[in-house]
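With these hints in hand, go ahead and build the complete structure from the sequences.
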Amino acid sequence: MTTRRQFTGSEKIQILRLHLLEHKPISDVCQQHDLNPNIFYRWQQELFEHGAV
Numbered sequence: 061m062t063t064r065r066q067f068t069g070s071e072k073i074q075i076l077r078l079h080l081l082e083h084k085p086i087s088d089v090c091q092q093h094d095l096n097p098n099i100f101y102r103w104q105q106e107l108f109e110h111g112a113v
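Just so you know, the sequence shown maps onto residues 61 to 113 in the numbering used here.
What the hints contain is simulated information worked out from the structure, not anything from laboratory work. There may be inaccurate statements among the hints.
Derived lysine to any residue pairs resembling SDA-like cross-links, with alpha carbons at most 25 Å apart [unchecked claim]:
hint, residue 1, residue 2
1, LYS84, SER70
2, LYS84, HIS110
3, LYS72, GLN105
4, LYS84, LEU95
5, LYS72, SER87
6, LYS84, GLY69
7, LYS72, PRO97
Note that the coordinates shown come from a computational prediction; the quantities given were computed from them, not determined experimentally.
Have a look at this one:
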């Protein structure tokens, strides 16, 4: 059984910045960090709606 990884808020922001500020494709960012794109989109939505992830 695999364990779920926990990302800190600052780690999430760093990952989101790769796409939002450095304009890297989401697919590349997610592959680089072994992250499901749905999780990336959820973090992005939280950032836009609440200002924090």
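Status of each hint after checking the structure:
no.	hint	verdict
1	LYS84 <-> SER70	holds (18 Å)
2	LYS84 <-> HIS110	holds (23 Å)
3	LYS72 <-> GLN105	holds (12 Å)
4	LYS84 <-> LEU95	holds (15 Å)
5	LYS72 <-> SER87	holds (16 Å)
6	LYS84 <-> GLY69	holds (20 Å)
7	LYS72 <-> PRO97	holds (13 Å)
No hint from the list above goes unmet by this structure.
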